[in-house]
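Peer 1: So you can see what is in the structure, the chains are spelled out below.
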Amino acid sequence: MDYRSVLTICPYCGCGCGLVLQILDGKIIGTLPSKKNPVNVGKLCIKGWNAHEFITSSERITKPLIRKNGDLREVGWDEALEFTSSELKRIKQHNGPDSLAFMSSAKCTNEENYLFQKFARAVVGTNNVDHCARL
Amino acid sequence: MSEKIKQYIVELFQQGKIKAFLGLKDESGHIVPHLFSNAEDLDGLNFGTERYPLNKILIQLYKRYPDVTIGILIRGCDERGLKELYKWNQLQPEKIIAVGIACSKEQAEYCECSKPYPDTCISGEQTPGVDNKTVKKIDSLEISERLNYWLDNFSRCIKCYGCRDICPMCFCNECSLEEVEFIERGKIPPENPIFHLSRAVHMAGRCIDCGLCEEACPSIIPLRTLYKKVTDIIEDHFSYRPGYDDGKSPLNILGPRPEE
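Those sequence lines, one after another, are chains A and C.
Numbering (the working numbering) for the first sequence: 1 to 135.
Numbering (the working numbering) for the second sequence: 1001 to 1260.
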């Protein structure tokens, strides 16, 4: 019998609410708001309250997928990256950089998001950059 | 953190009375729930003014380990919760050893708590219960003002379900607040006032006035005042107050078979 709390930060948006993950016998069974975190002081939104659910979700994508003949197929990382870069080049050449958009995530770090927008603006040449937290 | 409490828990372990102790732990300056598994592992045991729904965690532990006797840290409100949960058959009193602490005068006033201490306190000075001023204040308003007060407050709801999720007395397997027949999906604020009044009705004869709902509400809806009022109504009509030794909630009794 082992029950413990693990303090972490909510991965959903950029607010950074403190979560107390409830761990029973090594498995996450629930989320509580951190009472002392100065950002959320014991409160959460509905996404935060259920933040533990996606961790073990069977719908979570754990491997790269490419749609082939209408179906999503598992592929290796090399093939996925090769496909993505060649498609980005092709679309940019045919339709211009503003035909591409870059969707980032509040779950990434500041540094990752900085690199991402730099890639969009300086390498590809578009200001079409947005993120998941604009929901 | 009182040494007296720690010593008391060490003795419970040494005498073999408990296999584990559910309390609060200082984790890098944050107070969080933790299950201590032996007398040597009590180092981080601590508590401040932060309260977590320990009874709710206890229900989860009891479901998986019904034969294990567990000690638990309780305040006055937690004790009321335990007493009510026994009556609703959610916990077994034989499997629980409560270790009580009394709340300070400031805490009692902040909660307007009618009994800010458990029956037996290992630590802390008992301070008297505090009068219920917020309910009286709302009751003194004109009926139309009162209605507007509640409608305004409920209109801020973002439907996070935090009040339900943190509530130690919310143990139903299915929740009416998730039934599409009652509550429309994907609408914020949820139907006003049906959503909040549905929950208030479900708290009748059950709410033990811990106030965790109001503390968890991101929209600062005075839920505690609402449920205190509901509790008063039940007491007026059925002479039952949840969380004490006497009686059972009228909503927990099927009663005699009606005459044909």
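A hint or two may mislead.
As the list claims (entries may be wrong) - Subject to a maximum C-alpha distance of 30 Å in a straight line, what follows is the list of computed DSSO-like cross-link-like pairs (lysine-lysine):
hint : chain 1 : residue 1 : chain 2 : residue 2
1    : A       : K36       : C       : K1006
2    : A       : K36       : C       : K1133
3    : C       : K1063     : A       : K36
4    : C       : K1159     : A       : K36
5    : A       : K107      : C       : K1105
6    : C       : K1248     : A       : K36
7    : C       : K1063     : A       : K47
8    : A       : K107      : C       : K1063
9    : C       : K1228     : C       : K1248
10   : C       : K1133     : C       : K1006
11   : A       : K47       : C       : K1137
12   : C       : K1159     : C       : K1133
Said to hold, decoys possible - Facing chain C, according to a computed beta carbon distance under 8 Å, are these residues of chain A, among others:
hint : residue
13   : R4
14   : G42
15   : W49
Keep in mind that the hints were calculated from the coordinates and are not lab data.
Just so you know, even glycine gets a beta-carbon here, dropped at the ideal spot from N, CA and C.
Peer 1: Now tell me, hint by hint, if it's right for this structure.
Peer 2: Hints, verified against the model:
| no. | hint | in the structure |
| --- | --- | --- |
| 1 | A:K36 x C:K1006 | holds (23 Å) |
| 2 | A:K36 x C:K1133 | holds (27 Å) |
| 3 | C:K1063 x A:K36 | holds (29 Å) |
| 4 | C:K1159 x A:K36 | holds (23 Å) |
| 5 | A:K107 x C:K1105 | violated (42 Å) |
| 6 | C:K1248 x A:K36 | violated (36 Å) |
| 7 | C:K1063 x A:K47 | holds (26 Å) |
| 8 | A:K107 x C:K1063 | violated (34 Å) |
| 9 | C:K1228 x C:K1248 | holds (18 Å) |
| 10 | C:K1133 x C:K1006 | violated (36 Å) |
| 11 | A:K47 x C:K1137 | violated (35 Å) |
| 12 | C:K1159 x C:K1133 | holds (28 Å) |
| 13 | R4 | holds (6 Å) |
| 14 | G42 | holds (5 Å) |
| 15 | W49 | holds (5 Å) |
Hint violations for this structure: numbers 5, 6, 8, 10 and 11, all remaining hints satisfied.
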